[in-house]
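> Sequence:
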Amino acid sequence: MSAFSDGVFAVLITVLVLDLRPPELPTFKALLELWPTWLSYSVSYLFIAIVWANHHHLLRHAREATASLMWYNFAHLFSVSLLPLATAWMAVSELAPQPVAFYAAVFFLVNLTYILLIRELIDPMPENAVPLAVRKRMRIRSLATLCLFALAGLVALKYPVAGLAICCCCLAVYLRPEAPGAGKSSGKG
1 MSAFSDGVFA VLITVLVLDL RPPELPTFKA LLELWPTWLS YSVSYLFIAI VWANHHHLLR
61 HAREATASLM WYNFAHLFSV SLLPLATAWM AVSELAPQPV AFYAAVFFLV NLTYILLIRE
121 LIDPMPENAV PLAVRKRMRI RSLATLCLFA LAGLVALKYP VAGLAICCCC LAVYLRPEAP
181 GAGKSSGKG
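Taken in order, the sequence shown gives residues 1 to 189; the numbers are from full-length UniProt numbering.
These aren't lab readings, by the way, just hints derived from the structure by calculation.
Here are the in silico distance ranges between beta carbons for each label pair: (1) Val17 x His61: 24 to 32 Å; (2) Ser68 x Ile140: 21 to 29 Å; (3) Cys147 x His61: 23 to 31 Å; (4) Val15 x Ala62: 21 to 29 Å; (5) Gln98 x Ala144: 23 to 31 Å; (6) Ala129 x Leu31: 46 to 54 Å; (7) Phe4 x Thr27: 40 to 48 Å; (8) Thr66 x Leu175: 25 to 33 Å.
Nothing here was measured: the structure is a model prediction, and the numbers come from that model.
Yeah, the Cβ is synthetic: ideal placement off N, Cα and C, and Gly gets one too.
All chains, please: the whole structure from these sequences, using the hints.
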């Protein structure tokens, strides 16, 4: 399942880059005028990289590919697969409100399906495998960012750049795949 998922992430990054187009004119000014496209691409690339790293980190806890785990994984991969569409729409609209709100909604959906994966993989594990304090931090981080992605979508309808900024801030808390404090504890987090 991990190898299949890795392949999907690799394809998504490839699809994302295929939407990049050079400027019509051979000038740096023309290149700079494409800043919404470059910003959209950069955030999306970083988002896919972070989701991929976190997904890979989470799947290392899988002991068997149960039917529910496979379906939650498919749901997660589906939500991530919407990112190239959301990125392209946001870029061509030059960060218009509705495309940015849709972009935030995709982030929300990706995070929601990630929470389902956490529930499927981490919650049933014994406490000595993943301490309760670490589980709590994982839940808090996931639920807080889920709420912030929802807020970003709403804010984007009036202030699209602010909505996108909220999405970017949420990415920062996932730069390290393990929950904060997970590496420091030897058993009781």
